[in-house]
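Enquirer: Here is how the chains run, residue by residue.
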Amino acid sequence: MEPVFAVLVGLFFAAAIYLMLSKFSIRIMLGIAVLGNAVNLLLFTAGRITREVPPIVPADLQALPAGAANPLPQALILTAIVISFSFLAFLLVLTYRAYQDIGTDNTDDMRIAEPDKPRLPPMGY
Amino acid sequence: MAVSPGATIDISAAMTVAPVPLGAWLAVAPVALCVTLGAILLMARSSLRLQAWIALCGLGLLVLIDAALLAKVIAEGPVTMVMGRWLPPFGIAFTVDLFGALMALAAAVVALAAGIYGLADIDETARRYGFYPLLMMLMAGVSGAFLTGDVFNLYVWFEVLLISSFGLLVLGSERGQIDGAMKYAVLNLIGTTLFLIAVGVLYGVFGTLNMADIAIKAETLREGAPMMTLAALFLLAFAMKAAAFPVNFWLPASYHTPRIVVSALFAGLLTKVGIYALLRVMFLLLPVEREQLSLLIAIVGAVTIIVAALGVLAQDDIRRLLGYVVISGIGNMLIGAALGTAGGLSGAIFYALQSMVLMTALYFVAGQAATLGKSFSLTELGGLYRRNGAFAAISLILFLSACGLPPFAGFWPKVMLVKASLDVGAWWLAAPILIGSLLTTIAFGRLFLLAYWRPAAAVPETRKSLDLRVLLPLLGLSALVVGFGLLPERLLLLVQGASMELADPTIYLRSVFPGSAAP
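As given, the protein sequences belong to chains L and X, one line each in that order.
Heads up: the first sequence begins at 0 in numbering that gives the first Met the number 0, then just goes up one per residue.
Heads up: the second sequence begins at 0 in numbering that gives the first Met the number 0, then just goes up one per residue.
No lab work stands behind these hints, which were simulated from the structure alone.
Watch out, some of these pointers could steer you wrong.
What the hints assert, rightly or not - Examples of chain L residues lying across from chain X (beta carbon under 8 Å, computed):
(1) L29
(2) L34
(3) L75
(4) T78
(5) F86
(6) L93
(7) D100
(8) I111
(9) E113
(10) P117
(11) P121
(12) Y124
For each residue, glycine too, the CB sits at the ideal point set by N, CA and C.
In isolation and in its complexed conformation, chain L is listed as follows (with noise of 0.2 Å):
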């Protein structure tokens, strides 16, 4: 199971690198939510990936069996999500001000914070 979804989050991973390496906002949003997405399966692969043993403690033994999978990555994943999913929020309502705003989601033309041509110091007076 694990090479299968190795191999899904170096999708994931190019995918998100090339949506973020694009122009515009709003493809750099998608690709985050790609990356996002992509490094929480990273860290459900790193805590193994089994169906067959639920990661509970049976009746009459003191510990996990064997092979079963670690529940803490899908903790850490749980509040990684809620995070991701809150900051996906705020930035598209970003994007969309800045739309409004700006009149572009072209991050080119977005230069109002800091314009083409910003004015020198002074050389004296």
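Given the coordinates of chain L, work out where chain X should sit on it, guided by the hints.
Expert: Same frame as chain L, but now just chain X:
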């Protein structure tokens, strides 16, 4: 469960059974206070005056708590408190050593100053957007990052401070702010995602996320694990947070857009959290890898200083100029981290502490200069000295400190770093520190000349007194800058203690695992 109902289980191996001593609560008190107050302030949003007063009292209390925590750490060594009674490595631990306590106290002082300055700088609109609740949540994130002893927790606190910083950045939602926030948000989010990848790989390798536990296990698990990848990932993620050279361009793009008090807070706190995390992870968890990466860190630090110092020279807007000063400071701290010797590390920690206070004060100065001179641009400013001589004097002190000239606080860390570089024979590391200081001195000299001495062009030069709400934080922070410049011994001792604890984590480990097989 595995045990029949009648049998008793000895839980003392896995859980704390004794009640937590009162003093240990101090370790979580800063975070708990900030989160609680943030919630209360949100409830008090209909009464803006009340909100401001609650926030200021809360920030004052935060300073006192952090001071008490520092006093306790100085007296008794690192303090550990575990959540939910589960002992580490299972329970989440808050472990406070000298380094964390010092940084937390400095952060609290900066936040209190910003809270007072905010009374004058934040208008009603921005206050309705929630300046004070967001400030409280930012402080919760910053304090949590400084005090936690768990890597995943560190990630979570990073996110807490990041999301509150987004809120603060768009306070007022002007066009420039939204443009700056886009760049800030996207690049910082990618930075924290890299951090999360590193945390995931770290857990995959070590099976634990407690910093002390990893520090112990790193000895045995280093063979065959992709440690270099891990260290490089952490380095890239934290360098992005700290705005080190190749990944620093989000900072000058965004730091000049928000309200001046927000810029001051960001300049004082956020990049330093990145440096704190870098030092913590590189020295406590991955010391061998830091050694191997030290050349890379040194080059990054040196280039950061030079590029940033040239940036300082090329700016017309004071706020953007200060943004580059923040970055050049990061370069100095990175050189300290790269040297890794006691002197270098102490220099980096001292630099971080004084830079938190100094950068905040400098942004306050920029804000006040704009209030007096009606502009942020060096081309338009003028005659500030004639408008208010005392303000010009305070500004000059802060400028000289930022250039690293004696007898102010900025002088000592640079001396320590230059000495530490020369001690290991790395003159090529001492050179950028000195060249950076020279270029910064030129830039600040020109700033003073143009904005303070030059007669004002258009605006009449009437004398204006400073608002008390501005003067108070400015004087307080300048007093710290002058005080630690003239009498650095006490802080120097603390910083050396902090760097010793960081480089040799025995005491830290014993605090997390008392009486166990910890080395």
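Enquirer: Please go over all the hints and tell whether each is borne out by the structure.
Expert: Hint-by-hint comparison with the structure:
1. L29: Since chain X brings no Cβ nearer than about 12 Å to L29(L), farther than 8 Å, the hint is violated.
2. L34: holds, 6 Å
3. L75: holds, 6 Å
4. T78: holds, 6 Å
5. F86: Holds. Min distance 6 Å.
6. L93: holds, 6 Å
7. D100: holds, 5 Å
8. I111: With a closest approach of 4 Å, the I111(L) hint holds.
9. E113: Status holds, d = 5 Å.
10. P117: Holds, because the Cβ-Cβ distance from P117(L) to chain X comes to roughly 7 Å (cut-off 8 Å).
11. P121: holds, 5 Å
12. Y124: holds, 5 Å
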